[in-house]
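Novice: For chain A, the structure is supplied; the task is to place chain B on it using the hints.
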Amino acid sequence: MGVSSKLGNMGVVTTTVEQAVNWARTGAMWPLLFGLACCAIEYMSSQASSYDLSRFGMELNRATPRQADLLIVSGRLTRKMAPVVRQLYDQMAEPKWVISMGDCASCGGVYNNYAIVQGVDEIIPVDVYIAGCPPRPEQLLHGILTLHEKVRSERIADWA
Amino acid sequence: MAVATPPQSIEEQRSWEGNLDQLRGLVSERAITGETMLLNMGPHHPSTHGVLRLLLELDGEQIVSCLPDVGFLHTGIEKSVEDKSYEKALPLTDRMDYLSPMSNNMAYAAAVEKLLDLDVPERGQIIRVVCLELARCASHLVWLGTHAIDMGAMSVLLYAFRERERILGMFEMLSGQRMMSSYIRPGGVWRDVPDDFLPTLKQFLIDFPGKVDDYEALLTQNPIWKDRAQGVGVIEPDVALAYGLTGPALRGSGVNWDLRKAQPYSGYETYDFNVPLGEHGDVYDRYLIRIQEFRESMKILNQAVERLERVTGPYRSENRKYCPPLRSELGQSMEAVIHHFKLWTYGYDAPDEEIYNAIESPRGEIGCYIHGTGGNKPRRVHFKTPSFIHISALPVMAKGYLLADMVAIIGSVDIVLGDCDR
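In the order they appear, the protein sequences are chains A and B. For the first sequence, the numbering used here begins at 196 and goes up steadily by one. For the second sequence, the numbering used here begins at 4 and goes up steadily by one.
Bear in mind the hints are in silico, worked out from the structure with no lab data behind them. The C-beta atom is built at its ideal place from N, Cα and C for all residues, glycine as well. Just so you know, not all the hints are guaranteed correct.
Unchecked claim - Restraint ranges, calculated between C-beta atoms of paired labels, are given here:
1) B:N43 / A:T341: 33 to 41 Å
2) B:M40 / A:D285: 22 to 30 Å
3) B:S31 / A:G252: 46 to 54 Å
4) A:S245 / B:M40: 37 to 45 Å
5) B:E125 / A:P320: 53 to 61 Å
6) B:D72 / A:T211: 45 to 53 Å
7) B:K91 / A:H337: 26 to 34 Å
8) A:L255 / B:R382: 47 to 55 Å
9) A:D285 / B:E272: 54 to 62 Å
10) A:S245 / B:D72: 32 to 40 Å
11) A:S249 / B:D195: 33 to 41 Å
12) B:R298 / A:T211: 53 to 61 Å
If we strip away everything but chain A, and leave its shape as in the complex, we get (with noise of 0.2 Å):
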């Protein structure tokens, strides 16, 4: 399937332009403007002066998932709030990553109890994990980076 069936094997082309789309993905990933809690506020100090996501083209947050390519789920996720995160996920276009932001949005962090899904996993499909409670900044740009590293590792041949 995908664009290397149809157009046949294209040897070295093949490699260049995955590498092209790649970069180009890698380049300006638009995060959905999206916060659930504590997290959501490190996310903040990491748009903001001293850590500066526009380095690496982020500076644009997207208040609609039909514009964005990234959801950091920055947050402890709650029972009433998982069907509205699973719509805004549906609702984003491809390509799309999800990065599961702090212990609360990864495994449900300290609140095992009734309230809280134990991990976005269990409605969404997570790219990265990072751990922390709240992740310093530099965290977040540690997990960013290695979902760049993961984007720039796809190859034509595996999209659908």
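Specialist: Below, chain B alone, put in the same frame as chain A:
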């Protein structure tokens, strides 16, 4: 009227469309006939400061009624605390009002102290005041940046967060964590201030007043800012009191009520500071009050620094039934080892009594109710949080104003949904 059963699965929730009949009595009759428009705002909205959902009834652009829907961040903290010993429950309180965790720590720690009748040494009280006022500045800086962004002034956030990083850096010096510090604990604080803390704080106190002037230069006399803020979201003093507003939202209407003055704690009665008051009860006055609170906090901090240099002694209660011994004592004293082991495994018993204690957080009165059992875990812990009460007053503030004013009003009461939903 049909009673709605809450949808269970994700599929059910998404296919659930509700019924206008369920809104009868909550919105005006004109909404039922379709004359006015019902508009959903949130829980995913850039200007609701978290996961707040509002159902707005609009006549054109004018707000006829407003129904807040909270609970999207309900974390079950109060229930979780019931299953933990008193000291171990403290880190959970950090995560309620995540813009000023120190205030939550203080509300909880002071309540536990009241329950146990536990003393706090003078140095501990001074360090607490330093932490609480720094937390007030840090919280107001986030409010300032986000409030300004909501109203279209994008650059203020970058200035505000520049100074906030310095405050977070100081919290990290104290506790090892930028935000969720769990530094203020029953009986005092976790540890004494490190050597490089005071010089850093002094330098901050020299720099910060000039930065506040910068913020004011950007906003206070800005004609666009004044047009958006003046005469918007007015709440009369008697209505504000009836709704139970506290903090800057109440003082903006001119009611002089600040728990630091009215029911002093942690030695606030010995500090010289003013309580800024507004006149009109609008968005602009609430803005001015928080800006002035920066300056009043600086006054308190300057006095506290002077005392911190003068007062020595323990920073945490010496009552070893409730407060762990110093690390250095563990190698020398069998008593200390026993106390240490007992406190970090079982905790301590608290009497079977109920107490309530409130402090002034950056948002208003945050109170903690604890009902002990006589054992090492509480029977019930409840937090009275300002954001929940302020959200209940949003419909009064918003009525009759335009839809675009709604974001200004939400920003001006400075709500935190973690604080509201817990």
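Novice: Look at each hint and say if it fits the structure.
Specialist: Status of the hints after comparison with the structure:
1. B:N43 / A:T341: 33 to 41 Å: Check passed, 36 Å falls within 33 to 41 Å.
2. B:M40 / A:D285: 22 to 30 Å: For A:D285 against B:M40, whose Cβ atoms are near 26 Å apart, the range 22 to 30 Å holds.
3. B:S31 / A:G252: 46 to 54 Å: Once the Cβ atoms are compared, 47 Å apart, the range 46 to 54 Å for A:G252 and B:S31 holds.
4. A:S245 / B:M40: 37 to 45 Å: holds, 43 Å
5. B:E125 / A:P320: 53 to 61 Å: holds, 55 Å
6. B:D72 / A:T211: 45 to 53 Å: With a Cβ separation near 51 Å, B:D72 and A:T211 satisfy 45 to 53 Å, so the hint holds.
7. B:K91 / A:H337: 26 to 34 Å: Cβ of B:K91 to Cβ of A:H337: about 30 Å, so the range 26 to 34 Å holds.
8. A:L255 / B:R382: 47 to 55 Å: holds, 50 Å
9. A:D285 / B:E272: 54 to 62 Å: holds, 56 Å
10. A:S245 / B:D72: 32 to 40 Å: The hint (32 to 40 Å, Cβ to Cβ) holds, given that A:S245 and B:D72 are roughly 35 Å apart.
11. A:S249 / B:D195: 33 to 41 Å: Distance hint for A:S249, B:D195 holds at roughly 40 Å.
12. B:R298 / A:T211: 53 to 61 Å: Given range 53 to 61 Å: holds, Cβ gap about 60 Å.
Checked against the numbered hints given earlier, this structure breaks none of them.
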